[in-house]
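Asks: Spelled out, the chains give:
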Amino acid sequence: MKIKRNTILTIGAIAVFYGLLIAADNFLNTYWLRILNLCAVFTIFSVTFNLIFGYTGQFSLGHAGFAAIGAYVGALLTLSSAQKQANFFLQPIAPFLANLEVPFLPTLIIAGLLAAIIGSLVAWPALRLRGDYLAIATLGFSEIIRIFLVNLQPLTNGAMGLKGIPEYTNLYWSWGAAIVTIFVVKRLIDSSYGRAMKAIRDDEVAAEALGVNLFKHKIMAFAVSAFFIGVAGALFANLISTIDPKVFLFTLTYQIVGITVMGGMGSITGSAVAASLYTIFLELLRPIESQFNIGSLVIPGIPGMRMVIFSLLLLFVILFYRKGLFGQKEFSWDWLIGFLSRKNRKKSNQALISDEAAEKEQKS
Amino acid sequence: MSLLSLRSVVKRFGGLTAVNNFSTELQPGELCALIGPNGSGKTTIFNLITGIYAPTEGKVFFDGYDISGKKPNEITRAGIARTFQNIRLFKGLNVLENVMVGHHLRLKSDPFSAVLQLPGYVAEDRKMHEEAYELLQAVNLAHLADKEPTALPYGQQRKLEIARALATHPKLLLLDEPAAGMNPQEAEELMEFILHILKAFELTIFLIEHQMRVVMGICPRIIVIDHGEQIAEGKPELIQNNSRVIEAYLGVTENA
Chain A
0 MKIKRNTILT
10 IGAIAVFYGL
20 LIAADNFLNT
30 YWLRILNLCA
40 VFTIFSVTFN
50 LIFGYTGQFS
60 LGHAGFAAIG
70 AYVGALLTLS
80 SAQKQANFFL
90 QPIAPFLANL
100 EVPFLPTLII
110 AGLLAAIIGS
120 LVAWPALRLR
130 GDYLAIATLG
140 FSEIIRIFLV
150 NLQPLTNGAM
160 GLKGIPEYTN
170 LYWSWGAAIV
180 TIFVVKRLID
190 SSYGRAMKAI
200 RDDEVAAEAL
210 GVNLFKHKIM
220 AFAVSAFFIG
230 VAGALFANLI
240 STIDPKVFLF
250 TLTYQIVGIT
260 VMGGMGSITG
270 SAVAASLYTI
280 FLELLRPIES
290 QFNIGSLVIP
300 GIPGMRMVIF
310 SLLLLFVILF
320 YRKGLFGQKE
330 FSWDWLIGFL
340 SRKNRKKSNQ
350 ALISDEAAEK
360 EQKS
Chain B
0 MSLLSLRSVV
10 KRFGGLTAVN
20 NFSTELQPGE
30 LCALIGPNGS
40 GKTTIFNLIT
50 GIYAPTEGKV
60 FFDGYDISGK
70 KPNEITRAGI
80 ARTFQNIRLF
90 KGLNVLENVM
100 VGHHLRLKSD
110 PFSAVLQLPG
120 YVAEDRKMHE
130 EAYELLQAVN
140 LAHLADKEPT
150 ALPYGQQRKL
160 EIARALATHP
170 KLLLLDEPAA
180 GMNPQEAEEL
190 MEFILHILKA
200 FELTIFLIEH
210 QMRVVMGICP
220 RIIVIDHGEQ
230 IAEGKPELIQ
240 NNSRVIEAYL
250 GVTENA
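Going line by line, the protein sequences match chains A and B.
Quick note: the first sequence uses numbering that gives the first Met the number 0, first residue 0, plus one each step.
Quick note: the second sequence uses numbering that gives the first Met the number 0, first residue 0, plus one each step.
Source of the hints: derived by calculation from the structure; they are not laboratory data.
It cannot be assumed that every hint is accurate.
[Claimed, not checked] Calculated cross-link-like contacts (lysine-lysine; reagent style DSBU-like; alpha-carbon spacing at most 30 Å):
(1) Lys215(A) with Lys107(B)
(2) Lys328(A) with Lys126(B)
(3) Lys146(B) with Lys342(A)
(4) Lys185(A) with Lys90(B)
(5) Lys107(B) with Lys3(A)
(6) Lys215(A) with Lys90(B)
(7) Lys215(A) with Lys70(B)
(8) Lys198(B) with Lys126(B)
(9) Lys215(A) with Lys58(B)
Quick caveat: nothing in here was measured; it's all calculated off a predicted structure.
With the rest of the complex left out, here is chain A (with noise of 0.2 Å):
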């Protein structure tokens, strides 16, 4: 019965968030757009790191190229072959690539799958090593894969990125795709092989004893989170239109842990949160890169000033709320529920006792 109405009420929520989109598409100008598509790729990127490292426990800084690996699949899967022709001009594309284009859906799907079987061949040999070392490893990894992208010119066009590429990202494909890695993530988190994965983060000695198999439900984690931000590497070349190997730096890496500490590892609700939070802000503190005045004060406008700003509140967070600002906590409907009905009881305490005892009985 409980599970019915907390079904209903998902359903509900996304039925709400459905009608939200479709009014953002219809009134709000590009630049909104763009931004709030963003908080979508954020999203998924900060779900996932969450399921390797809050979750799993298993630090790794691979998320920037395995998101570069969905981006030029999606990328290179999406262009027209004329506009793959304009972009390779200093050396022609690899034959078998100069013609082919697949449909966006198919393309995600392609994107997903490549960026999760990479990730599992890197975590091979990667997951041997523990906390910070694994986190080097995979650091290192994300740097190879960006090599690559700047050397394999036939297949990516070097340094000199891709432009042209179809802007087929919609909030519907951004926030379809990110509702689908909220309830995969939320799904796996939640059954037996989350329970494991959780036991690997807490204990990894006596999840083993407990004949938990460490390297399968650690490779499970990389895979799944890989496929995920394969996706939305994919989602997110559609979306800007123009891709290149710097966008991919191991600085995207730091964003996304930075966005999932702030949200609380071990919390995908806060994940979620802090990654719409912080893409928002980013844009509303653009302002502060130009130039302005303090009373006589001028300060001229630097670059990067936001991301001196982004520091200082990360820094606060982790002052002040160690754990993020959902800590492991998720929201629930009957949380909500909870809450709501105790602070209805609140107002009923003030007025009339007897009329408290009437909706318990009508509760019961």
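Given the coordinates of chain A, work out where chain B should sit on it, guided by the hints.
Replies: Chain B only, in chain A's frame:
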């Protein structure tokens, strides 16, 4: 046939020989204690049995199969569960979920059916839930099912760790200092509890213990080791009067 058999097992860490030529047999249904001074190699023997270390020489047989050098999770699957000297509960999971992790190794459904919550997985998950709850009831922890494990008193954390190990359906249970840090009353309860699960779950128990009250009270057979070598074996009364054991624990006067 013996359930567990260690045949001239040797473990060296570089130049240090932690376990030297150790052999023993455990019969099904037996309750046997392993004692010895600090650093004598007791936990290393446990780690050799459970696959955390592979023996440098010699073999470990369990239920007729050679398990030396197998991975810990494979050995648990074969039917050996253990607890740890320092409590290793999963802090991020509640009491019931801690036990359910022990059931995970028997899960047949693949991750896809878990994510899609296909009927096969849902049925398995429900069964896992019920079995874990029954196990908690059997060890009198059911009323704490949704508590954080760190919120439990020390004695109950120990009990939960044993319950979690039982969830893997072991034939052999290894307890590494189960009474460590317990007061006499808690130790008393633990002794009863160990005897209870030995019968109720048809186990064979091998335990390391420092509290002689526990060891002498319940274990019909005791093995004593020092410097990685077995120095005595037998009934509690024999061990208490064995000169080599006394020597190992108390030392000898040089100019006696």
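Asks: Against this structure, judge whether each hint is valid.
Replies: Tested hints:
no.: 1; hint: Lys215(A) with Lys107(B); in the structure: holds, 14 Å
no.: 2; hint: Lys328(A) with Lys126(B); in the structure: holds, 27 Å
no.: 3; hint: Lys146(B) with Lys342(A); in the structure: holds, 26 Å
no.: 4; hint: Lys185(A) with Lys90(B); in the structure: holds, 19 Å
no.: 5; hint: Lys107(B) with Lys3(A); in the structure: holds, 26 Å
no.: 6; hint: Lys215(A) with Lys90(B); in the structure: holds, 22 Å
no.: 7; hint: Lys215(A) with Lys70(B); in the structure: holds, 13 Å
no.: 8; hint: Lys198(B) with Lys126(B); in the structure: holds, 24 Å
no.: 9; hint: Lys215(A) with Lys58(B); in the structure: holds, 27 Å
This entry satisfies every hint, going by the numbered hints stated previously.
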